[in-house]
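Each chain is listed here by its residues.
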Amino acid sequence: MTSPAGFEQFVGPIAYEQSGDDTKLSFTIADQHLNGDGFLHGGMMMTLASAVLGQLARQSAGEAPSAPLSVNCDFVGPGKPGAKVSGTAEITRRTRSVIFASAELRADGQLMMTATGVYRIGQET
Amino acid sequence: MSAADIAVPEGFFAQELHDPFERFVGPIFERDEDGQRVVAFRVAEHHLGDDGLVHEGQLMTFADASLGCTAYWDNDHTPCVTLSMQVSFLAFPKLGDLVECRARFTRKTRSVLFVEGAFTVNGAPVMSATSLWKILGSK
Numbered sequence: 095m096t097s098p099a100g101f102e103q104f105v106g107p108i109a110y111e112q113s114g115d116d117t118k119l120s121f122t123i124a125d126q127h128l129n130g131d132g133f134l135h136g137g138m139m140m141t142l143a144s145a146v147l148g149q150l151a152r153q154s155a156g157e158a159p160s161a162p163l164s165v166n167c168d169f170v171g172p173g174k175p176g177a178k179v180s181g182t183a184e185i186t187r188r189t190r191s192v193i194f195a196s197a198e199l200r201a202d203g204q205l206m207m208t209a210t211g212v213y214r215i216g217q218e219t
Numbered sequence: 063m064s065a066a067d068i069a070v071p072e073g074f075f076a077q078e079l080h081d082p083f084e085r086f087v088g089p090i091f092e093r094d095e096d097g098q099r100v101v102a103f104r105v106a107e108h109h110l111g112d113d114g115l116v117h118e119g120q121l122m123t124f125a126d127a128s129l130g131c132t133a134y135w136d137n138d139h140t141p142c143v144t145l146s147m148q149v150s151f152l153a154f155p156k157l158g159d160l161v162e163c164r165a166r167f168t169r170k171t172r173s174v175l176f177v178e179g180a181f182t183v184n185g186a187p188v189m190s191a192t193s194l195w196k197i198l199g200s201k
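Here the protein sequences line up with chains C and R, keeping their order.
Quick note: the first sequence uses my numbering, first residue 95, plus one each step.
Quick note: the second sequence uses my numbering, first residue 63, plus one each step.
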């Protein structure tokens, strides 16, 4: 289990909640998270998406280092100020060298973003 | 180094940011390069993850902001929102690096814009992104 530090602490803080093998990441939409139209900024959505995908990849990689190769985010719905945003992820496939994962972000239960990520296991060669 | 302490790089100007989240994570700079808009940010302490590398959330936030400049400013200031963003991480910028983005339209339809961007540090590729934008008010 990773505790949030650095950027995740700065922009959130993003809370990590462990239940069995699953980790849920969440934050509440505050003024500094908004875009010019008063909704949650896409960058903050993608930050939570990459955080929940990345922590699952690290967990799946175990002792080996992992690093993101690619992250894809689809903006399915808006996030309103004050809403609680939570993100969960699952492994789609794991090979010797690569992890495929997908994530879902919800704002007060409403689907807001779907995302997938591909992660490298081990050192860059 | 907090967001307010990041100096404007030589040859750039600081963009006037309208999105609170973009102001919060730090300044975005811009310059013109023979008609090509170059958008940039300087990697600061608060952009790093607990592994000491730039957090991909910051890189994707910058991708959203910089590709959004092209989608909005280079399309007659027509309001639009991000539909989809695909990012490949080629190398991770380090503390103090100036990350530059050069973006362009790959296709424009009545309702959707296709924008791609190449991201570099000192000319070396660090990230590539493709994105889709919905033009607001279009069907």
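Everything labelled a hint here was simulated from the structure, so no lab data went into it.
Since the model is a prediction, treat every value here as computed from it, not as a measurement.
It is possible that some hints are incorrect.
To be verified - Partial pick of chain R residues on the chain C-facing surface, computed with a CB cut under 7 Å:
#, residue
1, Phe86
2, Asp94
3, Met122
4, Asp136
5, Val149
6, Ala153
7, Leu157
Unchecked claim - Restricting the straight-line Cα-Cα distance to at most 27 Å, the calculated cross-link-like pairs of lysine-lysine (DSS-like) are:
#, chain 1, residue 1, chain 2, residue 2
8, R, Lys156, C, Lys174
9, C, Lys174, C, Lys118
10, R, Lys156, R, Lys196
11, R, Lys196, C, Lys178
12, C, Lys118, C, Lys178
Ideal Cβ placement from N, Cα and C applies to all residues, glycine included.
Structure-based check of each hint:
A distance limit of 7 Å between C-beta atoms decides the matter here; for Phe86/R the minimum to chain C is near 4 Å, and the interface restraint holds. Contact between Asp94/R and chain C, as hinted, is not supported at the beta carbon level, the nearest pair being about 23 Å apart and thus beyond 7 Å. Hint on Met122/R holds. Least Cβ distance to chain C is approximately 4 Å, under the 7 Å limit. Restraint check, Asp136/R versus chain C: the minimum CB separation of about 18 Å is more than 7 Å; hint violated.
This hint holds: Val149/R has a C-beta 5 Å from the nearest C-beta of chain C, less than the 7 Å allowed. For the restraint placing Ala153/R at the interface with chain C, the shortest Cβ-Cβ distance is roughly 9 Å, beyond the 7 Å limit, so the hint is violated. A distance limit of 7 Å between C-beta atoms decides the matter here; for Leu157/R the minimum to chain C is near 11 Å, and the interface restraint is violated. A distance of roughly 33 Å separates the Cα atoms of Lys156/R and Lys174/C; the hinted pair therefore is violated under the 27 Å criterion.
A C-alpha spacing of about 20 Å is found between Lys174/C and Lys118/C, which places the hinted pair at or below 27 Å, so the restraint holds. Our distance criterion of 27 Å between C-alpha atoms is broken by Lys156/R and Lys196/R, whose separation comes to about 33 Å. The suggested pairing of Lys196/R with Lys178/C holds, with an alpha-carbon distance near 25 Å, which does not exceed 27 Å. Proximity of Lys118/C to Lys178/C is assessed by CA-CA distance (about 12 Å); at most 27 Å being required, the pair is judged to hold.
The earlier numbered hints that this structure contradicts are 2, 4, 6, 7, 8, 10.
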